[in-house]
Amino acid sequence: MYIMLSILVMALVTYLIRVLPLTFFKKKVQSRFIRSFLYYVPYAVLGGMTFPHIFYSTENTLYAAIGTVVAVLLAYFEKGLTTVALASVMAVYLCHILL
Amino acid sequence: MGKQNKAYFKKGFKLGIPIGIGYFSVSFAFGMLAVSSGLSPVLALVISMTNVTSAGQFAGMQVMVLGGTYIEMALTMLIINARYFLMSLSLSQKVSKKLTSLQRALMSFMVTDEIFAVASMEVGAVTGWYWLGLSIMPYLGWSGGTLAGALAAGILPKSLQDALGIALYGMFIAIIIPAAKHSKPIVMTLIIAIGISCVLEYIPVFSHISSGFAVIIVTLIAAGIMAYIAPIEEKGEEEESCISC
Numbered sequence: 005m006y007i008m009l010s011i012l013v014m015a016l017v018t019y020l021i022r023v024l025p026l027t028f029f030k031k032k033v034q035s036r037f038i039r040s041f042l043y044y045v046p047y048a049v050l051g052g053m054t055f056p057h058i059f060y061s062t063e064n065t066l067y068a069a070i071g072t073v074v075a076v077l078l079a080y081f082e083k084g085l086t087t088v089a090l091a092s093v094m095a096v097y098l099c100h101i102l103l
Numbered sequence: 007m008g009k010q011n012k013a014y015f016k017k018g019f020k021l022g023i024p025i026g027i028g029y030f031s032v033s034f035a036f037g038m039l040a041v042s043s044g045l046s047p048v049l050a051l052v053i054s055m056t057n058v059t060s061a062g063q064f065a066g067m068q069v070m071v072l073g074g075t076y077i078e079m080a081l082t083m084l085i086i087n088a089r090y091f092l093m094s095l096s097l098s099q100k101v102s103k104k105l106t107s108l109q110r111a112l113m114s115f116m117v118t119d120e121i122f123a124v125a126s127m128e129v130g131a132v133t134g135w136y137w138l139g140l141s142i143m144p145y146l147g148w149s150g151g152t153l154a155g156a157l158a159a160g161i162l163p164k165s166l167q168d169a170l171g172i173a174l175y176g177m178f179i180a181i182i183i184p185a186a187k188h189s190k191p192i193v194m195t196l197i198i199a200i201g202i203s204c205v206l207e208y209i210p211v212f213s214h215i216s217s218g219f220a221v222i223i224v225t226l227i228a229a230g231i232m233a234y235i236a237p238i239e240e241k242g243e244e245e246e247s248c249i250s251c
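Here the protein sequences line up with chains A and B, keeping their order.
All residue numbers for the first sequence refer to this note's numbering, where the first residue is 5 and numbers rise by one.
All residue numbers for the second sequence refer to this note's numbering, where the first residue is 7 and numbers rise by one.
A couple of the hints might just be wrong.
Okay, the calculated beta carbon distance ranges per label pair [to be verified]:
1) B:Y76 / A:E82: 15 to 25 Å
2) B:P163 / A:F29: 43 to 53 Å
3) A:N64 / B:G8: 49 to 59 Å
4) A:N64 / B:I209: 21 to 31 Å
5) B:V48 / A:L16: 16 to 26 Å
6) A:S35 / B:V211: 31 to 41 Å
7) B:K164 / A:E82: 16 to 26 Å
8) A:M94 / B:T106: 36 to 46 Å
9) B:K164 / A:F29: 42 to 52 Å
10) B:I227 / A:V33: 12 to 22 Å
11) A:N64 / B:K104: 45 to 55 Å
The calculated lysine-lysine pairs, modelled on DSSO-like cross-linking and capped at a C-alpha distance of 27 Å, are [unchecked claim]:
12) A:K83 / B:K103
13) B:K20 / A:K83
14) B:K104 / A:K31
15) B:K12 / B:K103
16) B:K20 / B:K9
17) B:K100 / A:K30
18) B:K9 / B:K103
19) B:K12 / A:K83
No lab work stands behind these hints, which were simulated from the structure alone.
For each residue, glycine too, the CB sits at the ideal point set by N, CA and C.
Go ahead and model the full structure; you've got the sequences and the hints to work with.
Below you can see the structure in the form of structure tokens.
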């Protein structure tokens, strides 16, 4: 019972955070500052989430760094999400096998 | 569904495939951890199917295992997942004006870091069919990975399990680098965000800040500075995104 209720609380809070702005905020934001702010949000979120944490995403920081370089290079040549993601995984895996 | 809707759906579905793969690996770890913390595989699956959030689930499970109160649980989830509020607000400006409240409410269930990131990169408005297509593989990957991890802990070689940890970050890089290539303000946003993120990570005073809360701080400061120094000019009224691009 405790576990089920805890899961319910988890799910409910998480959903409320997601549902409120998207469902009830329908007007176009008039303020140029807020509009610009929201434009930059995804890049700020992704930049901050990726670095420096990508270096600790695998057991060995050196392997993770190699995977990061592979990802950045392929991304620079605009290789697509799946290719970049899998190539970085393969790079780390190969490090495990070869090094 | 009409021909155009089908095209939106297909486009979203394709973009969701790498997210689904990345989710599978992360939720695989969650499934393993949940079982080793004493939850049944079914409960682990229920958590994943009702929450669809990585950091939040790991933290929530921790609260549960330690026998925390419901208030504690609610606060933990609020702090770790508050970033979705910003993402959802950003999306409210991006989704098609034709969507009803119910449709918006249904869509919001799948506001995750990665789905938000991909949908944000759309040139035009985000339609419901696009969102549905985009959500399918991530949802299946997230639920399937949890169950697989819970049932078959330890079957994958350890080195491959470890390597999969980088998958989602690799995807983030595939999103930010091409965008940065074409826009100086985006480069600056990234530099500021990464700088603050490193400060929060490495300066001991900030080390007690949870990762979910750190994302909020980074986002508020970086996007705030950029909105101040490089405001975006008004673009044309809503056009739906081009299907072929």
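Results of checking the hints against the structure:
Checked against the hint of 15 to 25 Å, the C-beta distance between Y76 of chain B and E82 of chain A comes to roughly 47 Å, which is inconsistent with it. For P163 of chain B and F29 of chain A, the Cβ-Cβ distance of about 47 Å falls inside the hinted range of 43 to 53 Å, so the restraint holds. For N64 of chain A and G8 of chain B, the hinted distance range of 49 to 59 Å is satisfied, since their beta carbons lie about 50 Å from each other. The given range of 21 to 31 Å is respected by N64 of chain A and I209 of chain B, whose C-beta atoms sit roughly 24 Å from each other.
Between V48 of chain B and L16 of chain A the beta carbon distance is about 20 Å. The supplied range of 16 to 26 Å therefore holds. Checking the proposed 31 to 41 Å range against S35 of chain A and V211 of chain B shows it holds: the Cβ atoms sit about 33 Å from each other. In this structure the supplied range 16 to 26 Å is violated for K164 of chain B paired with E82 of chain A, their Cβ-Cβ distance being about 33 Å. Hint check: M94 of chain A to T106 of chain B, Cβ distance near 44 Å, so the stated range 36 to 46 Å holds.
A hinted range of 42 to 52 Å holds for the C-beta pair K164 of chain B and F29 of chain A, which are about 45 Å apart. Checked against the given bound of 12 to 22 Å, the beta carbons of I227 of chain B and V33 of chain A, roughly 20 Å apart, stay inside it. Evaluation of the 45 to 55 Å hint for N64 of chain A and K104 of chain B yields a pass: the beta carbon distance comes to about 49 Å. Proximity of K83 of chain A to K103 of chain B is assessed by CA-CA distance (about 32 Å); at most 27 Å being required, the pair is judged violated.
Proposed proximity of K20 of chain B and K83 of chain A is supported: the alpha carbons are some 15 Å apart, at most 27 Å. The straight-line distance between the Cα atoms of K104 of chain B and K31 of chain A is roughly 12 Å, inside the 27 Å bound, and the hint therefore holds. Proposed proximity of K12 of chain B and K103 of chain B is supported: the alpha carbons are some 19 Å apart, at most 27 Å. The hinted pair formed by K20 of chain B and K9 of chain B meets the criterion: a straight-line CA distance of about 17 Å does not exceed 27 Å.
Straight-line distance between C-alpha atoms of K100 of chain B and K30 of chain A comes to about 10 Å, which keeps the hinted pair within the 27 Å bound. In summary, the hint linking K9 of chain B to K103 of chain B is supported, as the alpha carbons are separated by about 20 Å, within the 27 Å threshold. Between the alpha carbons of K12 of chain B and K83 of chain A the distance comes to roughly 25 Å, so the proposed pair stays at or under 27 Å and holds.
The structure is inconsistent with the numbered hints 1, 7 and 12, although it conforms to all the rest.
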